[in-house]
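Asker: Top line first, the protein sequences correspond to chains A and B. Following UniProt numbering, the numbering of the first sequence begins with 1 at its first residue and continues without gaps. Following UniProt numbering, the numbering of the second sequence begins with 1 at its first residue and continues without gaps.
Keep in mind the hints are simulated off the structure, nothing from the lab.
When chains are identical, the list treats them as one kind, so a pair holds in a single copy or across two.
Here are the simulated lysine to aspartate or glutamate pairs, DMTMM-like style, with alpha carbons at most 20 Å apart:
| # | residue 1 | residue 2 |
| --- | --- | --- |
| 1 | K102 | D158 |
| 2 | K102 | E191 |
| 3 | K102 | D38 |
| 4 | K102 | D49 |
| 5 | K22 | E129 |
| 6 | K22 | E61 |
| 7 | K134 | D158 |
Protein chains: 2
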Amino acid sequence: MRDAYREQLDAVTGRLIGMARKANEQMRWATSALLTADLALAEKVVEADPSINRDQLEIDEMTIEVMATQSPVAGDLRFTTSSLRTTADIERMGDLTVHIAKITRMRYPDHAVPEDLRSTFAAMGRTAENMVDKAVGVLRSHDLAAAAELARDDNEMDRLHRSLFLVLFDENWDRGVEAAVDIALLGRYYERFADHAVEIAANVRYLVTGEVR
Amino acid sequence: MRDAYREQLDAVTGRLIGMARKANEQMRWATSALLTADLALAEKVVEADPSINRDQLEIDEMTIEVMATQSPVAGDLRFTTSSLRTTADIERMGDLTVHIAKITRMRYPDHAVPEDLRSTFAAMGRTAENMVDKAVGVLRSHDLAAAAELARDDNEMDRLHRSLFLVLFDENWDRGVEAAVDIALLGRYYERFADHAVEIAANVRYLVTGEVR
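Let the sequences and hints guide you as you build the complete structure.
Answerer: See below:
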């Protein structure tokens with residue numbers, strides 16, 4: 001029979017998965033808004049983010065309540081510390097989608113991303129979402145094979161990120177400094193978002209194995 | 001008489017302070033290397049950073065050991081969760097100094113920062129170091145008045161950060177796209193470093209008051 005303690009831990013996992021899905025939804029909106037210069041959708045990202053911040057507070061409170069009342073040890077203790085790290089990662093992912101949305105908003109009605117770079121950002125967005133989907137799977141299953149896959153996806157994100165600089169620093173770049181700075185910062189936001197997805201899986205690996213790196 | 005438990009907690013605080021000081025030393029080197037195009041000093045930052053990463057592993061291990069063996073509650077439990085957050089912040093600060101050093105290295109023997117922007121980066125470096133000094137004071141004293149000061153310093157950092165974009169986006173900017181992208185990314189690294197210093201103080205405020213925001 002399942003006890004209340006186990007139910008508390010499962011409730012935390014459920015909330016972590018829900019929080020990660022919100023971050024992913026914000027990323028999907030942020031990318032779509034960026035690629036279509038959709039101001040309303042960019043605003044929706046900005047307005048949605050406080051919900052993720054509240055999730056962090058609430059999930060951390062649940063986790064600390066488990067720590068205070070159950071004094072977990074071994075794997076259960078690692079679960080709680082892993083949960084605290086994971087909410088911090090997802091909260092930061094939400095912030096990064098807001099940064100993307102704010103660049104869209106700042107340049108509206110113009111496009112922040114010139115047409116010939118949109119396919120790269122579309123690919124970065126797909127890679128990011130795919131990585132969070134896998135991270136959610138790892139949160140649910142604790143399957144470390146999927147965690148390893150995330151490292152490969154992150155390499156693809158890094159490749160896309162580097163490809164932006166080849167375009168920006170090419171002598172044929174004629175979109176000016178402001179557009180180049182936007183692209184460089186946007187590239188960084190996608191790359192950091194992906195890093196945090198990798199971290200979520202690393203947090204699960206730690207909770208399963210006790211190994212940090 | 002002081003017991004072993006209290007000594008364990010004090011040892012964690014001591015290590016957190018030492019770790020924060022390393023991040024600040026790296027920031028001082030990274031800024032100096034950036035402003036003087038000093039390749040050897042930039043390399044020193046890159047080589048120093050693994051020590052900060054090890055600190056995170058070791059301090060987290062000490063903290064989780066306290067959790068596992070002492071089952072802390074109330075303020076002591078908050079101390080341990082605050083410590084886990086703080087090592088994550090400082091580890092990230094170290095990474096950001098490495099990003100700064102790598103831009104210096106990539107542009108060497110050229111300067112990454114044109115002469116007329118060096119005073120701004122010098123001011124950002126000073127502000128960053130000053131903020132970490134205050135954060136270290138807060139870690140030691142748990143004095144929340146100093147924590148509030150950090151928010152003001154962060155406003156100064158944001159002002160310096162914004163002033164960079166006025167220069168980059170001015171029609172008289174003639175340093176080209178690559179230099180502009182370097183400046184924009186460097187500005188972001190300093191601004192994020194400062195954010196983490198504010199977070200360290202916020203972690204202490206949480207541990208003292210139990211309030212997160």
